[in-house]
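Asker: One-letter residues, chain by chain:
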Amino acid sequence: GDSVTQTEGQVALSEEDFLTIHCNYSASGYPALFWYVQYPGEGPQFLFRASRDKEKGSSRGFEATYNKEATSFHLQKASVQESDSAVYYCALNNTGANTGKLTFGHGTILRVHP
Amino acid sequence: NAGVIQTPRHKVTGKGQEATLWCEPISGHSAVFWYRQTIVQGLEFLTYFRNQAPIDDSGMPKERFSAQMPNQSHSTLKIQSTQPQDSAVYLCASSLGGGQDTQYFGPGTRLLVL
Chain A
1 GDSVTQTEGQ VALSEEDFLT IHCNYSASGY PALFWYVQYP GEGPQFLFRA SRDKEKGSSR
61 GFEATYNKEA TSFHLQKASV QESDSAVYYC ALNNTGANTG KLTFGHGTIL RVHP
Chain U
1 NAGVIQTPRH KVTGKGQEAT LWCEPISGHS AVFWYRQTIV QGLEFLTYFR NQAPIDDSGM
61 PKERFSAQMP NQSHSTLKIQ STQPQDSAVY LCASSLGGGQ DTQYFGPGTR LLVL
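Protein chains in written order, with the numbering used here: chain A, 1 to 114; chain U, 1 to 114.
Extracted from the complex, chain A is given alone in its bound form:
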């Protein structure tokens, strides 16, 4: 079945550091790819998406580029802030499976120290 693998565990950075969270996927069809962010006590919040090869999604300084050959959608941000501390989820939606469900990675905890 479909699956998403992302950077495991926690990423600890200082403010203004560069962020990369790796995301790789496995899917039979041509999935749409998503990044969501989750703060304590809240549901996952949509960050951005990309639907085709080489498309770049971006929001709030975060960005990722759909790479079909490498099956990747890595999240990056040039200069993180303490307020970016949260859990980040990469997800895919594979309509080739004739369903609208999202398949999520296990999440990556980002901690940004002042």
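Hint data in this document are derived by calculation from the structure and do not stem from the laboratory.
Beta carbons are placed, not taken as given, at the ideal position from N, Cα and C, and that holds for glycine.
Treat the hints with caution; some may be incorrect.
As the list claims (entries may be wrong) - Covered stretches of chain U (in silico footprint by chain A; criterion: 3 or more residues with CB under 8 Å from a CB of chain A, positions within the stretch not fixed):
#1 43-49
#2 56-67
#3 89-100
#4 105-113
Given chain A, work out where chain U should sit, using these hints.
Answerer: Showing chain U alone in chain A's frame:
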């Protein structure tokens, strides 16, 4: 514009009792999804409605779990004879038309079964 509304936010039940969770999707969205979030399993898809009709319930446990969407403004997830392993955050999401449309999540209902 109100987001997805979920009630209650927290629910504590005794083992063997019934729990009913409510979701009100974003107005105008025709697709509703239910997910379950635990530390061990992460975010798991449960079921999906489009235009109130059940489309995919492949993630629903075969026993004790049921979901309905009696009208376009709310969906319910019912768990009969709750067990401690049902303790989780139950998340509802809605999207404009299903398929690969972006899903927007509610804050979740935290269910604790004692």
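Asker: Hints first: check each against the structure and report whether it holds.
Answerer: Quick rundown of the hints versus the structure:
1. For the region 43-49 of chain U, the stated coverage by chain A holds: 3 residues have a C-beta nearer than 8 Å to a C-beta of that chain, and at least 3 were required.
2. Residues of the region 56-67 of chain U with a Cβ under 8 Å from some Cβ of chain A number 3, which satisfies the need for three, so the listed coverage holds.
3. Closer than 8 Å: that is the beta-carbon criterion, and the region 89-100 of chain U has 6 residues meeting it against chain A, so the requirement of 3 holds.
4. Under a criterion of three residues with beta carbons nearer than 8 Å to beta carbons of chain A, the stated coverage of the region 105-113 of chain U is upheld, 4 such residues being counted.
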